[in-house]
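*Asks:* One-letter residues, chain by chain:
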Amino acid sequence: MTITTHTVGDRVIETTVPVGAHYVEGTTLDPSGPLATGAIVLDEAVAPLAPWSARLTAGQTLTIVDVGGNQSADFLVYNAQDTDERYSTPDTLAWQKNAYLREGSILRSNLGRPLMTVTGNEIDRQDTIGGACSKESNTLRYGFHTEHQHGCRENFLAEAARHGLGARDLVSNINWFMNVPVEADGTLGIVDGMSAPGKRVALRAEMDVLVIVSNCPQMNNPCNDFNCTPLRMIVTAPTDGSDHA
Amino acid sequence: MTSIADDHQTDSVLAARADARAQAERTSEYMPYRPASSSPVVPQGVDRDALVWAETVAPGGYTHRIIARGTRLRLDDPTGNACAHVIVYNALETNERLNVADTIKIPWQAYLGVGHPLLSGDGRALATITADTSGRHDTFCGTSTDESTTAKYGSAAPEGPSPSGRSRFLLAAAKHGLTGRDLPPSVSFFQGVHVEADGGLSFLGSAGEGTHVELVAELPLLVLIVNVPHPLDPADDYLVGPLRVHAWPGEPTLPGNPQFTATPEVNRAYLNSIDYAEARGL
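Chains as they are written, first to last, in the working numbering: chain A, 551 to 795; chain B, 10 to 291.
Isolated chain A (complex conformation):
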């Protein structure tokens, strides 16, 4: 039984909980800034391994900053007025006839309607086919010894519960800053990322939306460069009365 020491605010506690690893000392961190114009209405850091959520009104833009580089931001989005309408990978991909997300990609709902639009993107391509990690699927991918580890599905469930949502509301998600190539013979998998500290993606809400994010805790594959770092979430609102950030 291993005991580790953690600082939480002004409190230092010892714990036997096998908490996942954070980034190593010396990691380059670049908090960057918003990838949209307008007034900043929310600016929050998401700690490594942690969940996060926010509501955006139509027209607002969410900038997600990959502060430490190659840190997967597992992402779900719902119609805030009716969460039965939620992000749909197949609708998004079929509509744009492409397996990757890039600037101009429209994140579509299970009703085929635009939830958000990628208005800015500093990565060659973004993933929405790799799904989220879970403590259960970790046992298939890496072995039974990983089952106790924290995963994105735990984060999604914990954060979803704060909004009255549960397991039935989790669907295939987006992984901002994660790299999942599909090769010519169909081979696919998570490989070293193409992002870097301070790289960003910007998403404009096309309706009032609820966004749920897991700052991925995975330490068994390169989706976080084996080095879990923070994310920065910035919401901006247009100041000129238009919807264009």
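If you are wondering where the hints come from, they were derived from the structure by calculation, not from laboratory data. In this text the structure is predicted, and so the values were computed from the model without any measurement. Note that the Cβ used here is the ideal one computed from N, Cα and C, for glycine as well. It is possible that part of the hints are untrue.
[Claimed, not checked] Listed next, with one range per pair, are the computed distances between beta-carbon atoms:
#1 B:T142 <-> A:A746: 49 to 59 Å
#2 A:D674 <-> B:G130: 53 to 63 Å
#3 A:M551 <-> B:A160: 17 to 27 Å
#4 A:H713 <-> B:T154: 11 to 21 Å
#5 A:P731 <-> B:G259: 50 to 60 Å
#6 A:E564 <-> B:A119: 52 to 62 Å
#7 B:D131 <-> A:T789: 36 to 46 Å
Use these hints to put chain B onto chain A, whose structure you have.
*Replies:* Using the frame of chain A, we list chain B on its own:
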């Protein structure tokens, strides 16, 4: 800067696949054992080959399973620091669930021990305690919440060093389509509480290392188990120990078993459970 990434070759899909597969033979202090017969910590006297569930639950961790009627469920506290918070449901109709008030009121007894049933709100025995070498359990305090955990340890973040019991129950419940409204008060094993004459709740804590509790499922059960510090644990730090779980098939409490008629109340609870089970064709 050295990084764990330096130990991994993951620059192509095939390299990443080989890297992932190379991790499979590792072990952990805290893990499920599959098949269950591969458990390295089979309790003495338990038939390894009969096991249907075996794992070591991490400090701050949780587990959950649907078990058949008659299953024996054994919880071991190897270090004396575990605290097993438990909720059981009728797996066939999860609206039927542990009712802690009935569980202490109907047997006329607040303290859990051998022969004590875990009763539902529907007048049936969901489980019965069949062995107990600890005697330090609690039916009063339930489990910890984010509110109480944050006040005590500074954080209750699900990814952090001090998760709350309720947040862990929520995750376990979610895996079965249940939500916060489906979490009734829980019981806990291995950390005792005593009610003083003036009503004060005294924390007795553990009976020491190496104790265990065994239950029998009187109906098919959904079992949720959370391993977090007891709400009254006076320690400033979050030092809960690992919890071992083993289960194997057996029989529910039936006529002929002395427990079946141990008290008039529990006898009628078993009759109700059997009546339900037989009508369901179990």
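*Asks:* Work down the list of hints and note, for each, if the structure agrees.
*Replies:* Now the hints, each set against the structure:
{"no.": "1", "hint": "B:T142 <-> A:A746: 49 to 59 Å", "in the structure": "57 Å, holds"}
{"no.": "2", "hint": "A:D674 <-> B:G130: 53 to 63 Å", "in the structure": "57 Å, holds"}
{"no.": "3", "hint": "A:M551 <-> B:A160: 17 to 27 Å", "in the structure": "25 Å, holds"}
{"no.": "4", "hint": "A:H713 <-> B:T154: 11 to 21 Å", "in the structure": "18 Å, holds"}
{"no.": "5", "hint": "A:P731 <-> B:G259: 50 to 60 Å", "in the structure": "51 Å, holds"}
{"no.": "6", "hint": "A:E564 <-> B:A119: 52 to 62 Å", "in the structure": "33 Å, violated"}
{"no.": "7", "hint": "B:D131 <-> A:T789: 36 to 46 Å", "in the structure": "59 Å, violated"}
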